Each structure stands twice: as C-alpha cells, then as structure tokens.
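**Student:** Sequence:
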Amino acid sequence: MQVAAITTNFGQGSTQTTGKGTDLLISGDGFFMVQSGNETLYTRAGAFEFDSNGRLVGPNGEMVQGWNAVDGVVQRGGQLESIQLPYGVINPAAATQSATVTGALPAGSAEGTELVRTIDVYDAAGNELTLTLRMTAQADGNWAVDASTGDPATAYTGTLAFTGSALTAGGAFTVAGIDVDLGAVTTFPKLSTISIAEQDGNAAGTLESYSIANDGSILGMFSNGEQQVLGQVAVATFINPAGLEKAGGSTYRASVNSGAATVGAPGTDGRGGLQTGALEMSNVDLSQEFTNLIVAQRGFQANARIITTSDEVLQELSNLKR
Numbered sequence: 001m002q003v004a005a006i007t008t009n010f011g012q013g014s015t016q017t018t019g020k021g022t023d024l025l026i027s028g029d030g031f032f033m034v035q036s037g038n039e040t041l042y043t044r045a046g047a048f049e050f051d052s053n054g055r056l057v058g059p060n061g062e063m064v065q066g067w068n069a070v071d072g073v074v075q076r077g078g079q080l081e082s083i084q085l086p087y088g089v090i091n092p093a094a095a096t097q098s099a100t101v102t103g104a105l106p107a108g109s110a111e112g113t114e115l116v117r118t119i120d121v122y123d124a125a126g127n128e129l130t131l132t133l134r135m136t137a138q139a140d141g142n143w144a145v146d147a148s149t150g151d152p153a154t155a156y157t158g159t160l161a162f163t164g165s166a167l168t169a170g171g172a173f174t175v176a177g178i179d180v181d182l183g184a185v186t187t188f189p190k191l192s193t194i195s196i197a198e199q200d201g202n203a204a205g206t207l208e209s210y211s212i213a214n215d216g217s218i219l220g221m222f223s224n225g226e227q228q229v230l231g232q233v234a235v236a237t238f239i240n241p242a243g244l245e246k247a248g249g250s251t252y253r254a255s256v257n258s259g260a261a262t263v264g265a266p267g268t269d270g271r272g273g274l275q276t277g278a279l280e281m282s283n284v285d286l287s288q289e290f291t292n293l294i295v296a297q298r299g300f301q302a303n304a305r306i307i308t309t310s311d312e313v314l315q316e317l318s319n320l321k322r
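Read left to right, the sequence shown gives residues 1 to 322 (UniProt numbering).
Bear in mind the hints are in silico, worked out from the structure with no lab data behind them.
Remember, predicted model here, so these are calculated numbers, not experimental data.
Backbone N, C-alpha and C fix where the C-beta goes; we use that ideal spot for every residue, glycine too.
Hints may be right or wrong, so weigh each one.
Here are the in silico distance ranges between beta carbons for each label pair [unchecked claim]:
1. R253 x P86: 45 to 51 angstroms
2. N257 x A204: 49 to 55 angstroms
3. A110 x D179: 29 to 35 angstroms
4. T118 x L191: 16 to 22 angstroms
5. A204 x E49: 27 to 33 angstroms
6. G112 x Y156: 16 to 22 angstroms
The whole structure should be built from the sequences, with the hints applied where relevant.
**Tutor:** Listed below in structure tokens is the structure:
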C-alpha cells in the first residue's frame with residue numbers, strides 16, 4: 001500500500017471577521033503576491049500589517065506586492081513593487097477656484113433686510129480666508145449682493161434680479177479669483193435657506209489614516225479632509241493552481257505545472273475581490289474527514305480479517321495432510 005498522490009485543496013474557506021483594517025480575504029480565485037528575499041511567493045493568507053517602515057508585510061516579514069501611486073494615480077499593469085505607505089507625504093494645498101450658492105431668499109422682505117453668509121476658502125499657499133456674501137433686500141424685490149474675502153481691491157458688488165421666483169440676472173460673478181455660481185438661487189415667501197454650499201479649495205494636509213477597498217486600493221485620509229489613493233494590492237491567478245509548489249508558511253511558488261502568474265487588480269478578469277477586516281479560515285470539513293477516516297479504518301479492518309481467514313484456511317489444509 002502506498003500514497004497515490006498529495007494534492008492541495010484551494011477551495012474557498014470559511015470567513016472569520018477580525019475588524020483589523022489590514023486583514024484581507026480574497027473572495028474567489030487568486031493569490032496575494034509577497035516578496036521573500038529575492039523570490040516571489042503566493043499565498044491566500046491575508047494576515048498583513050504595516051511595519052515601522054510603512055511596508056505592508058505578512059507574518060514572517062514577506063512584503064506584499066502591488067503598485068504604489070504617484071500623485072494619487074496607480075499605474076496598473078506596471079512594474080510590481082512592495083506596497084508602502086508614504087509616511088510624511090503632504091497632500092498639497094489647492095486654491096479655491098469656484099464656490100456654489102444654493103437655496104432660497106425670502107421673497108417680500110422689507111427693504112434693507114440683510115442676510116450674511118460665509119464659507120472658508122483658500123489661497124494658493126493653503127492660507128485660509130473667509131468668503132463673505134452680504135445680501136440686502138431692495139424695494140423692487142431684487143437683492144443687492146456684496147462679496148469679499150477681506151481685500152477691498154478684489155471685492156464685488158452687484159444685483160441679483162428676479163422675475164417671480166426665478167433668478168434672471170447676476171447669477172455668476174468673480175471675487176478674488178473665485179468664480180461664484182448663484183444660478184440655483186430662487187425666492188420663496190418668508191423662507192430663507194440661502195447658503196454657500198461648497199468650494200473646491202483646501203489647505204495642505206498630512207496623512208492621518210487609511211483604508212483598503214474591495215479592489216485593493218489603499219485610500220489615504222489627510223488632515224485637511226482630502227482623500228487620495230496611495231497604492232493598490234495585486235492579485236495573481238494561475239491556469240493550474242494545483243501545480244503550485246509548497247514553500248512553507250502557507251506560501252507557494254510557481255512551477256512548470258502551475259504555469260506563469262497572471263497579475264492584475266482584485267475583482268478583474270476572474271480574480272476575486274477583497275474583503276477588508278476578515279481572514280480566510282481552513283477549508284477542511286472536519287466532519288467529512290473523520291467520516292473518511294472511519295471508512296478507511298473499516299476497510300483496513302476488513303482486509304485484515306481476510307488475511308486472518310486465509311491464514312486459518314491454510315492452517316486447516318495443513319492439518320488435513322497430517
């Protein structure tokens with residue numbers, strides 16, 4: 001009796017939720033790529049963490065492979081490299097170029113009624129300024145508007161003209177280099193919902209936290225409220241994963257039988273997507289394995305009885321001769 005073959009079961013295992021942001025599970029086909037010394041290995045064990053150098057590593061220090069972003073852009077399909085958080089990176093300041101005003105001004109307001117709205121905006125150096133809109137009701141039902149960021153030289157004065165509740169003139173102007181859009185402003189009797197809804201500038205910010213998405217993208221959150229892609233984890237698939245050779249520590253290496261790895265982003269071209277905060281557990285069904293063990297044991301017992309019976313028959317034949 002001898003073992004016919006040993007094969008590895010790469011079927012999907014059960015899911016164990018951990019809540020840890022760097023624990024990754026592949027939902028479907030594929031393997032994480034890790035660099036161990038000068039060798040690229042493959043694994044489905046996603047118990048990763050960032051080390052003191054910001055590198056995403058496995059339990060034994062293997063470096064997870066993928067693509068690091070440059071200015072928030074990932075070149076998928078480019079040269080693979082070890083995933084590394086850019087500690088100390090600065091999300092650059094961006095000057096405010098536009099602001100949007102929405103809502104309703106109170107129709108029928110007494111002449112001289114004044115409404116003031118403000119929003120923080122930014123110059124090219126990331127310095128915070130305050131954009132102030134001062135709107136004053138006129139006798140004819142229109143509204144005078146004064147806008148400024150504190151510098152009289154760049155202030156704006158104009159009129160918001162209405163026909164009924166619809167804005168017909170003055171719905172756009174520029175103040176201190178900021179294009180202000182009031183095109184959605186209306187009037188409504190005794191109701192004021194006017195507000196400066198948004199602006200597109202920001203101060204400079206430092207990296208505060210990160211998260212990993214289902215497609216392997218690592219998203220950085222900065223102190224200025226901005227978000228930026230920092231990198232993306234790669235996933236490899238094989239024509240014949242059963243042909244992979246064991247390398248120890250739940251890792252495998254490619255072989256002639258497995259074929260070359262096909263590398264891409266999670267969730268593309270048949271590759272499984274990622275689940276963050278979870279790990280893939282054993283895919284062994286213990287109850288089935290115990291059943292198989294009992295069946296094998298009974299088979300062995302039956303064969304042993306055959307040998308015993310055969311020996312007894314031969315013994316009887318020997319006795320007959322005597």
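**Student:** Of the hints stated earlier, which fail here?
**Tutor:** 1
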